[in-house]
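> Next come the chains, spelled out residue by residue.
There are 2 protein chains.
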Amino acid sequence: MLALSDLNSLAQSPHQYITDQKVQHRWLSEYKNFLSIPNVLGDSVNIVRNAQLISDMLKQNGVKSELLLSGEPNSAPVVYGEVLVPGAVTTLAFYAHYDGQPVNPKQWAEGLEPFKPMLMSDRIDKGGKPISFPTDQEWVQDDWRLYARGSSDDKAGVFAIIKAYETLLKTGKKPSVNIKFFFEGEEEAGSTNLDVIFSKYKGKLKADLWVICDGPRNISGKKQVVFGVRGDVNIDLKVYASKRPLHSGNYGNWAPNPGMRLAQLLSTMKDNNGNVLIEGFYDDVIPLSETEKQALAKIPPVESILKEDLALGKPDGEGKSFMELLTLPTLNINGMASGNVGSMASNVIPTEATAVIDLRLVLGNDVKRQVRKVYDHIMRQGYFIIDHDPSDEERKQHPLLAKLVMRGAGYNAQRTPMDLPLAQKVVKAIETTIDYEVIKVPSAGGSLPLYLFEKILEVKPITVPIVNYDNNQHAENENVVLQYLWEGIETMSAIMVMK
Amino acid sequence: MLALSDLNSLAQSPHQYITDQKVQHRWLSEYKNFLSIPNVLGDSVNIVRNAQLISDMLKQNGVKSELLLSGEPNSAPVVYGEVLVPGAVTTLAFYAHYDGQPVNPKQWAEGLEPFKPMLMSDRIDKGGKPISFPTDQEWVQDDWRLYARGSSDDKAGVFAIIKAYETLLKTGKKPSVNIKFFFEGEEEAGSTNLDVIFSKYKGKLKADLWVICDGPRNISGKKQVVFGVRGDVNIDLKVYASKRPLHSGNYGNWAPNPGMRLAQLLSTMKDNNGNVLIEGFYDDVIPLSETEKQALAKIPPVESILKEDLALGKPDGEGKSFMELLTLPTLNINGMASGNVGSMASNVIPTEATAVIDLRLVLGNDVKRQVRKVYDHIMRQGYFIIDHDPSDEERKQHPLLAKLVMRGAGYNAQRTPMDLPLAQKVVKAIETTIDYEVIKVPSAGGSLPLYLFEKILEVKPITVPIVNYDNNQHAENENVVLQYLWEGIETMSAIMVMK
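Here the protein sequences come in this chain order: F and G.
Under our numbering, the first residue of the first sequence is numbered 1, with each subsequent residue one higher.
Under our numbering, the first residue of the second sequence is numbered 1, with each subsequent residue one higher.
In short, the hints are calculated from the structure, not lab data.
Positions of the beta carbon are idealized from the N, C-alpha and C atoms, including for glycine.
Simulated restraints on C-beta separations:
hint	chain 1	residue 1	chain 2	residue 2	range
1	F	G319	G	R372	31 to 39 Å
2	F	G203	G	S343	31 to 39 Å
3	G	D392	F	Y436	27 to 35 Å
4	F	D43	G	P105	18 to 26 Å
5	G	H388	F	K22	43 to 51 Å
6	F	M379	G	P300	36 to 44 Å
7	G	S29	F	K126	57 to 65 Å
8	F	I385	G	P300	35 to 43 Å
9	F	K106	G	D392	19 to 27 Å
10	F	P105	G	S220	45 to 53 Å
11	F	E290	G	K314	53 to 61 Å
12	G	D392	F	P417	38 to 46 Å
13	F	Q397	G	G221	25 to 33 Å
14	F	Y282	G	R372	37 to 45 Å
Subject to a maximum C-alpha distance of 27 Å in a straight line, what follows is the list of computed DSS-like cross-link-like pairs (lysine-lysine):
hint	chain 1	residue 1	chain 2	residue 2
15	F	K320	F	K298
16	F	K455	F	K368
17	G	K129	F	K396
18	F	K129	G	K243
19	F	K243	G	K314
20	F	K396	G	K222
21	F	K206	F	K64
22	G	K64	G	K200
All chains should be modelled from the sequences, with the hints used to inform the complete structure.
Dropping the structure here:
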């Protein structure tokens, strides 16, 4: 039953509702509260608090909610909910994840903390200034940015999906499809237990299409639908020198330097144009179809916007377009460390040097095969490879010694055919909210374990991203532009009433 | 006037005194207290506390003491003292430094803290276990190690010199030379103001020879005298990519990776054998004299001890001996960093990558000329070099951009002729404490700004190191073996009564 106070909103369209100042005030306050709960996997107390809050948000909209548990130790629950719509013949499942990448608070800009959401007038590096959270009398500005870990990746997705359903409820719109809500808490760790959950709850999770809300809108600012993702796997690589740190004067020229060894090893992996030199690295790649190539050609070029925005002299991959490069496998150095830099640096020959390597995979690549190529390459550089900390004997026996360990199991890429009828309906639904053609991307650069949807649930996923591209996701100073959050809610609500 | 309690010690020889358990108990307690005061330059409160304590130790032995000030802002005082001996015609000045290298407490072994001295039964990586500081009834063991920043480098020098003088006083031995005590507090920062102090106090600091007590004894464990040092200069090198950190999936293959750029740049600087590939790097080196070559040949080989101790498969510099390699200039990577590794790593393309480079110089090299070679080399790799954080315009204009900044002014190498008569007397004095020939090293691998002694004070220095070689100086877990500390005191007292 509706309360009197709801009568006014019933007169509103979803678009009017998401731009209503009262609604935006409440949403901003609720989202701030959501972002205040740390969401790094491993912090199990806060992970559970996040899940509880999401569950509460679903219940506030009358959605029956439950936690799906993999049963694995220390795993984060999936928050699940469903709405069965009388007469609906199609079921859409909506996916987002509430966990975020690890944070190094020291790297965040002064005044910012990862889990103390702050409003800023603009991007910090463009001169953005702190804004007090507005009182009821003050206007919520569309171009304000909310800074916090997870603000874009991917609590925005969780929030947008739930608030989209609220929007329909409050404006008296009936969904045209049955809706399943699925909010994961382990995506940033590689969705470690998603396969277990999918197998265990296969019946419950039956749907005709999964809508994945993650990643950014097109760099041009336009809305886009993404039909595929790259796979991903991380490798920890460590090389060794003397087992004790040494005075760089008393031993310099005789004791090998692990940083130099790592530099020499890494430098063999890529040329100056960013091409990976590892043997067979690009061999398995399945080329794009004609439809995919045509879609790629229609995507507006973004290189000049990006070069300007990132103050970049010369990008890698000369000779190929930005979008084309995203359809190829990558090798990226996420982090690198040896000894100390800055004020803690000292005149020392460190004992080891470490790199974290990120491999993105495309259709045709296989995680184990791709990692094996890196492994074999390192061996060909003369290294003996181990998977544990070396013993003294191993150190003495193998002049070049590297520890190579995969982080988690990684996963392969996935691509959904661009002509899938239900996907076309989603595209059309989104186009009711805009006055231009939705950009259709054959494959995004980012990764989600979407192959699991095909493999276990036997269903196709498509991705509908909502946040601004310059959100610093995975890094310090993550943020979301409020307008993108509001429009994301509108996008999701349009999909829920698709024709 | 002597107290009654001193009568007993008067019967002792210096050797008996330094091995007296009552004396060792008191010294251990005093040294622990000295090491408890943090000694990292910049921590000016504690730097002054260190200077005050040293001054007090001098006064306790009746030595007139004062602080020499450079007058430069934030500079650490030199603690100076002198003893004029009736009838003495020679003046020896003794140098040591009380400041230590910066510390990263996280890198120290569990249970250890840089400024909470801990006694261990052996080297930690050899299974050493914590030992309570002994009560009066317990024996002080020679092979115990005291762990703390500065325990070897170089509060050991300060302590040994002062306690050597105490030993003479307490055993009724009259020094054969006038003694000047000179304890610096800025050595680890490159002795920034030593030139100012030398110029300002040139008259006061007049001496016939300077004895520098710093660095380790020979790796074989034998006592040695060192006739030269390498020069030293540090460079901060930073390379840039996008000005914002980027999601490694959404931008991977297009956005350049700064870690890879740094790796590629550094890898051009050395070959796999550790030879520096920078053009002209070895060009200025003045070869060793015949005397120096002969001395070098007499030094016992240490390679096999070191390889075993450091669990090292293959050292750099194949084809040259350890000692020979120490007479050549070096290029060492003290530290390297980009993004994060370990639990804070995330799937990101970082904005920059940093290395701290340490150049050691030998006779013939000049700091500015040597740095210039590195500078030119980096330019030849296509880099545009700046000395400040780049503007957006600079980033856009120069695809390869590196910031290169010297840390301090650095200094050149120094060598004292091995046949200098006063130096020979010092060697003979040390040999009264041992039953083998002192090892004579033409030039040590480490650095001290000894060229300043020649240049400003117009006097030659020689170095008499006292601590164990495996002391982890400049790194985590710095330590001193107590026997080396006691024997160091004996060495210094023998020099003070040299014939």
